[in-house]
Amino acid sequence: MDETFVIVGAGLAGGGAGATLRREGFNGRVILIGAEPQPPYERPPLSKEYLRGEFSFEGALVQPPDFYDENDIETRFGVRATRVDATEKVVELDGSEHVAYDKLLIATGGRNRRLPIPGLGLKGIYDLRTAADSDRIRAEIAPGRKAVVVGMGFIGSEVAASLRQMGVEVVVLDRNRVPLSRVRGEDVGRVIEGIHRDHSTTMIFEDRVATFEGAGRVERVTTVRRRSIECDFVVVGLGTEPVTDLLAGTGAEIHNGVVVDEYLRTGVEGIYAAGDVANHYHPVFERKIRVEHWQNALKQGPAAARNMLNKDEPYDEIPWFWSDQYEHNLQYAGFHTEWDELVVRGSMEERNFVAFYRKDKRVLAAVAVNRGKDLRRSMPLIKAQEPVDAAKLCDLEVDLRSLASVAGTR
Amino acid sequence: MAEFVAVSRVDDLGEGDIRAFDVLGTKIAVANVDGTFYAFDDTCTHMACSLAGGDLEETTVICPCHGSEFDITSGGVLQGPAREPVETYETRVEGGDLEVRS
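Protein chains in written order, with our numbering: chain G, 1 to 410; chain B, 1 to 102.
These are computed hints drawn from the structure, not numbers from a lab.
Careful, some of the hints might be misleading.
Over the 10 Å line for every Cβ pair with chain G, so calculated as not near, a few chain B residues [to be verified]:
| no. | residue |
| --- | --- |
| 1 | D22 |
| 2 | D41 |
| 3 | E87 |
Quick partial rundown of chain B residues pointing at chain G, CB under 8 Å, derived from the structure [said to hold, decoys possible]:
| no. | residue |
| --- | --- |
| 4 | A2 |
| 5 | A6 |
| 6 | D55 |
| 7 | L56 |
| 8 | P64 |
| 9 | C65 |
| 10 | H66 |
Note that CB positions come from ideal geometry on N, CA and C, so glycine has one too.
Bound conformation, chain G alone (with noise of 0.2 Å):
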C-alpha cells in the first residue's frame, strides 16, 4: 500500500518539497494543499518589482503551472486545511472534507499582524501578504498621490522605496528611532534611513497610529503624538505571525511558530513544519530559530521532504535574505538577537560596507550594503563560531575567505 505525503501550505516551502519527494524517487501519493487560488510563487517580488509592475505573476512562479500535474502532485489550491487529527491521521479542509495522511508536512507561513487600531477596516488600508494584497496596492499607485506607510521593517522599507519609484508621495511611521532598528542597530538603521531620505520620503519615528480616519474611504491617519496626516492610501507593515492554528489539540509544541528539532520533526509521528512557521532547533546557534525569509523556505521544504524520506539529514544552513531598495542592495547572514561589538568593514557613510555582530569575538551574523561579495565570505565565518580578530575583519586587504579557512580548520 502506498503512503500519502500531505503538504499544507503552498508557498516555496511546500511547493519544494512537493517537487522534491518526487525528485528524491518518493512513488506514494503526494497532496498539496494551499490557501491561496494560486500555484507555489516566490513572494520577494511582491513588494518591489511585481509591484512596480516591473515583473508578471509568472515570471514568480516556483514552477510552471502544470509541473503539478506531470509529476502526478495532487494539488488544491484556494482550499483551507482547517485542523489536524494526529491520532486518525487527517487532514480537515475547509471545516468538512477529510484527508488521509501517513506523514504531514506543515508550511502554512505566516499571516499579517493586524493591531486593533480604530478605523482599521475603512477602505484603502492595506497590508502586504500575497499577489492578491500586491495587485491591490498597485491599483492605487499613481503619481502624485499620498500614502502612508505604517512600519519600516523590510516590508515597509520595500514598499516605501516601490511608492517613490512610482512617484507616490510617501509619509513612513514607525515606532522606533530609525528604519530597521529592533533588531539590525541603530548605526546600520541610520544608514537605510539615510538613503530612503535622499528618495524624499517623509520620515517620523517614534510614533504610531492613534486611528485611521476617513468616510468610508481611509483619509488620514493620526498618531498618539497627535499629528495628522492626509493620505490617499496606507500600506501596514507590522509583521507576522505564524499560522499554527490547524494544530491545536495535535500535541505539537506551539512556541513561536511550531517547534521541531534539527531533522524538521516535531514531537508528534509523522508531522514536519518548514518555512516561515518552523521554529526549528539551529546545531550552529544551539538554539531554536524561526526565520521568515525567502532562502529559509527554499531550502527548509526540500530538507523537510528529505527527512520524510528518512534521509536523517540536520538542517544547518546558515540564514541569509537580501532585500533592494532603490539603487541599494542590503544583505543579511547569520542570526543575533545580542551582541556586544559592531565591527565595520568598509564605509557606513559610502554605504559600501559590511558590518559584523560579534558576540563574544565571534561573529554571530553580519549585514552588507552593496558589499554582497564580502557577506557571502562571512558565511563560513558565522558557521564556524570561533573567535575573530576584529582588525583583521575590518581590513580591506584581508579577504575574509583567508580568516574563514583558518576558523574552520582549527
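Put chain B on the given structure of chain G with help from the hints.
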C-alpha cells in the same frame, strides 16, 4: 560567425580572477579557473547585477546581489533566484592576448 576580439593581456587575469569587459557593446565576464578561461554574460539574468563582482567557486560563479549560481562552462543556473541561463562564449589565447568570440 563573430570574430575573436582581444580583451586583455592573458597575464592580467590571474588564476581565480574574474573581470568584465565590454566586447562590441556586450558586457562579458571572463574567469580564469586554473589557467582555463571561461567567458559568459556579465549581466545576471535575475536583476542585472554584474557577475564579475561575485566570487568563483571552481567553475561556479555566484551573483553578489542575490546569490544566484551559474555553471560558467555551460551558462546553466545551478541555484536561483535566477531562472534563465547566461550566454557563454568561446575564448582563446593568441600571442599573449586573451580573446573572446562574442
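Violated hints - listed by number, lowest first: 4, 5 and 7
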